[in-house]
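K.L.:
Using the hints, position chain B against chain A.
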Amino acid sequence: MSERWWRLSALRPRARRQALPLLVALLCACAGPAAAESPGGSFRLWPASARELAMADAATLLAPGLESLGSQPASLVGIDRWEAGLGLQRPQELTGLGLASLAFGAATGRRLPGPGERTPTSRQAVALGFQQLGAELADGSGWGEWTAALGLAWSPQRWLSVGARGDYSRGGSEDGRDEGSARALALGLRAVALHPALEFGWVASDVHQRFAWDAAPEQQRRRASSQTFALAARLPGALSAELQGRWRFRSLERAALGLEWQPLGPTLALRGGLLVHRRVETSWSPAFGAGFARGALRLDYGFRFERAEGPGSQHRLSLRWIGDGR
Amino acid sequence: MSPPIKRTAFGSALALLLSGWAPLGLAAPAFVTGPFYARAFSPNGDGSRDSCPIEFLATGASAPLDLIQLGIYADTAVPPHPDSLRAAPPPLSLETQGLRTQAEYLWQGRAGDDGPGQALLPDGFYYLHILLREGADSLWLATPIQLELNTAGPTLAALALEPSPFFTPLQDGASPLLQLLFSSADFDTLTDGASASVHRADGAGGWLEVAELERDPDYFDVAGGLGRFRLLWDGRDAQELIVDGSYRLRLTLGDDAGNPAVTGSADCNLDARAPTIGLVDFGGPVAGGQSFILHPDSLPDSLVVQVSDRNGVALCVGFRDAAALSSEDSRLLPQSSPEAQFISFRLPEGWGEAGDPLDSHHFTIDAIDLPGNRKSALGGPFNLTLTLDGEAPPVPTLDPIAGEHIQPVVTLSGHCAEIAVGIELAQDGVLAGSAVTDIGGRFSLPVVLSPGSHVWTATAVDAAGNRSAPSTGLALRYTPGPALGIPGRLRGEADETIRINTRAPARSVSLRFYTLEGELLRQLDAQGGPDQFSARWDLRDAGGRAVMDGLCVLNLEIVYASGEREHERKVVAVVRSAP
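Chain order of the listed sequences is A and B. Just add 81 to the spot in the first sequence (first one is 1) and you have this note's numbering. Just add 7 to the spot in the second sequence (first one is 1) and you have this note's numbering.
Simulated from the structure, these hints should not be mistaken for lab results. Please read all numbers here as calculations on a predicted model, not as lab measurements. Backbone N, C-alpha and C define an ideal beta-carbon position, used for all residues, glycine too. Among these hints, one or two may not hold up.
Some chain B residues judged to face chain A by a derived CB distance under 8 Å, without partners named [said to hold, decoys possible]:
id	residue
1	Ala490
2	Pro494
3	Leu523
4	Leu528
5	Asp548
6	Met555
7	Asn562
8	Glu564
9	Val582
Label-pair ranges, simulated between beta-carbon atoms [stated by the list, open to error]:
id	chain 1	residue 1	chain 2	residue 2	range
10	A	Ala314	B	Pro407	58 to 64 Å
11	B	Glu411	A	Leu351	47 to 53 Å
12	A	Glu255	B	Pro453	29 to 35 Å
13	A	Leu351	B	Pro453	57 to 63 Å
14	A	Trp402	B	Pro407	49 to 55 Å
15	A	Phe373	B	Gly459	57 to 63 Å
16	B	Val443	A	Phe386	38 to 44 Å
17	A	Leu351	B	Gly459	55 to 61 Å
18	B	Pro415	A	His396	48 to 54 Å
19	B	Glu411	A	Glu255	17 to 23 Å
Chain A with its partners taken away, still in its complex shape:
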């Protein structure tokens, strides 16, 4: 029915792409800034790929595939047949905190890039993720959380895809006195806009917590929401870039710039990024990393530097197995 509608439409494909940013802007304006009550917290799915860390989290577009499960579900259509991934993250100068992630994704309806199209996509994609977060708290006690996530994406046209991800997290203290759970929902939209080499992305994230802590008189409920807008471009010289901003409490919470250069094609990728936090105080966190591909295997490493007063620098290592070996 949608194809019929598009055939009946007087707009030509190029004109439709030009009208899309206006449509997305209108959609966001109608939605308004998502309701937000609280910042911080855990009990949610975190980005797991080293590529994202190396690009300061600005690596959600240009169809990254399974890597986007934790950040932009609409980009899951970048999966070609199937993918499996593993990620490990360790902070520097902060003992006792570790994040491990495992994900699997599958897609159907693979399209080859057509004339003017630079990002191959599939028509439908689904991904499952599992994350384990463990910590040794300041008093030496243990803390653990696990999160299961399901992501779905659909691309009705080459230039457009939408996605959704649902998380369920559970965990608490090692002694079992404090237990909690949380549900999170993320909606994403990705579109090629204005130019075949430009992509626009929007993600709305909403987290609902529900806890039964020890010594609490009743269950606690909390909610946190945010919206992320991103613009990515494939640049000449095997270079790609993404600019991203996240809004919370009706103001820009953080901005990020990510760059990726593939001088030898998919075999080697060199990455860098800059993350700027600007809520309480403005801080700059540079990041860099590299990726290596051999056959169906991808190995990525990312590092984000934090100043001494910050929460600690991060190391992340991720491994992917890509089903069709592209």
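P.N.:
Coordinates of chain B only, in the frame set by chain A:
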């Protein structure tokens, strides 16, 4: 001249003024403006109003005035006729010329030519007539003027205070006004004045004037041939305050003729307070309206109260459970004095002894001082309730807290199933502090730990002194020295404190809380120093929003006095206990 005679004469003069002379004045071709004069004078040579000045302005109608004659008569009943005056003019005359003449005369109070050879006229009222002659046919007689020649001032025959020299203005049933009464044989309310000043004893032998009184114009009485007058005082000074003390009321009688004033004084004792009653037992004098809960072993044999009053105690009575205590049950102790009486009231026979039910008794004590002020009327009765309690309170419990501490001050809290009961906290059995349970039975008290391991216990002690058994011990270990005392799980409770002991004197300690994504939530500066700091996070971000529950990263920055900086990162979990 007696007052009734004076009043009769003055009334007659007024009648003459209104009926007889007015037509003459209206028809006269000349008139007098003024005159100005002293109505009363006393030619007794004391230098005060010894003569009567008379001034006036005479004006002719058409021809110049050629004679002004003054006539002073002792009786107004027979006014001089103009023809008589022309035939035999009065001796006091002034020659004048011109249409307008300002005349002045100083009457010395004598007859005839008013010269020193003439005898002084007797005290009484006199009437001045002014006669103007304008040519041969014109004669005008001005309206008469009453003058009083008075060489004797008012006399003070007697002075008294009523109802009593003791003045109790606030006591119910007593007069709120003190009367200063004086008797006089010749006090004239028209010409004489009476005033009084109130002086308060300053305690050093002097008197301080605090108020002024005026004669009550509505009061006049005749007793024993004397006029009786009064002044009233409500006991207030110029600031409208009623102050206890000795007062002296000084009365002054004077007249308008300038005779010397007569004074008199009377002393009174203003007492606006009831006797004070205090319980001598139970640690000293205590005011009434209290309840005492006593252990049967600490019950005294009797109640001893001290009743005091500046002016002496007249009566003291006691009631037990609304029944008056007999003279056998109340006894005046030998150390009593008129101003302070010590009275012993016997307690019920056998109360508090073995087998007696532990109930309570209510005592009421009232007293009256010599001036008549009653304690129950002025300050409320003295009430006292004694209750016997021989039952030990419930055993309290101490809330569990972390056993390891790096700073010595810790707040211990707990619960006892009895409200308003004292809680004694002991470290290894040695009393270290006490608290009182609130309406929910909760108690809390900051205590100072001693280095090493110690066992803390709580014991409940009620008002009667009954003690519970000690609570279960709470073992706490205080280890001084560099360390971090950071709770792993932050619940946002009031006593949740992050403690930092630095390895050297530090200038400041800052705490930064980050999300796992690296976003700064809140920055706090720890208090204290130079080597022990503490901080409390209310689990809100810099904008005042409650942060989400879960993990966050704490970055601890220590700036030492030497300038060196040290950073420590810890993971903490927010597990909020309240919405």
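K.L.:
For which of the previously enumerated hints does the structure constitute a violation, in increasing order of number?
P.N.:
1, 16, 18
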